[in-house]
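Model the full structure from these sequences, guided by the hints.
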Amino acid sequence: MLTLISPDFLNNQDIPQKFTCQGENVSPRLEISDVPESAETLLLIVDDPDAPQTTWLHWLVWNIDPTTTSLSSQALPVGAIEGINDFMEFGYGGPCPPKYRHQYRFQLYALSKKIHLDKSASRAEIEMAIESHVLESCVLNGYYERS
Numbered sequence: 001m002l003t004l005i006s007p008d009f010l011n012n013q014d015i016p017q018k019f020t021c022q023g024e025n026v027s028p029r030l031e032i033s034d035v036p037e038s039a040e041t042l043l044l045i046v047d048d049p050d051a052p053q054t055t056w057l058h059w060l061v062w063n064i065d066p067t068t069t070s071l072s073s074q075a076l077p078v079g080a081i082e083g084i085n086d087f088m089e090f091g092y093g094g095p096c097p098p099k100y101r102h103q104y105r106f107q108l109y110a111l112s113k114k115i116h117l118d119k120s121a122s123r124a125e126i127e128m129a130i131e132s133h134v135l136e137s138c139v140l141n142g143y144y145e146r147s
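If you use this note's numbering, the sequence shown corresponds to residues 1 to 147, in order.
Read the hints as simulated data drawn from the structure, not as lab findings.
Source: prediction; values computed, not measured.
Just to be clear, a hint being listed does not mean it is correct.
[What the hints assert, rightly or not] Pairwise CB distance ranges, derived in the manner of DEER restraints:
{"hint": "1", "residue 1": "Pro49", "residue 2": "Glu24", "range": "21 to 29 Å"}
{"hint": "2", "residue 1": "Gln22", "residue 2": "Ser120", "range": "23 to 31 Å"}
{"hint": "3", "residue 1": "Arg146", "residue 2": "Pro36", "range": "35 to 43 Å"}
Even for Gly, the Cβ is constructed at its ideal location relative to N, Cα and C.
Set out below in structure tokens:
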């Protein structure tokens, strides 16, 4: 079964400040295992479902080589594409909740088909492109509250 963990925080625990807007704003290290053999590519979506009004997109990376075992914003695999987040920037935008403790979902998808979209594609376009191509998925949850 597809698995995503981080050596920087445990599932359902707090994300260290280093990986937020109050720290270095770099992504935590992610470790990937048990990718289905038939996977052509991986997709990572990091979002905040507790954001006011709408779920906030923090990181969107697609066409990740399925043999990838580790991932961070500082070391993306060759061929991976970072899309635009809701901060209107390409790449990772760390947790930066306006108030209260928010949940951050690191969602990994194993796909049967590569995504053929430009890096300016929206999350909605990505989600439409992967319909019927998801082999497995998993989620790593973290939490953060600004001090």
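Next item on the list: Could you tell me which of the numbered hints above are not met by this structure, giving the numbers in increasing order?
Entry: The structure conflicts with no hint, since it agrees with every one listed earlier.
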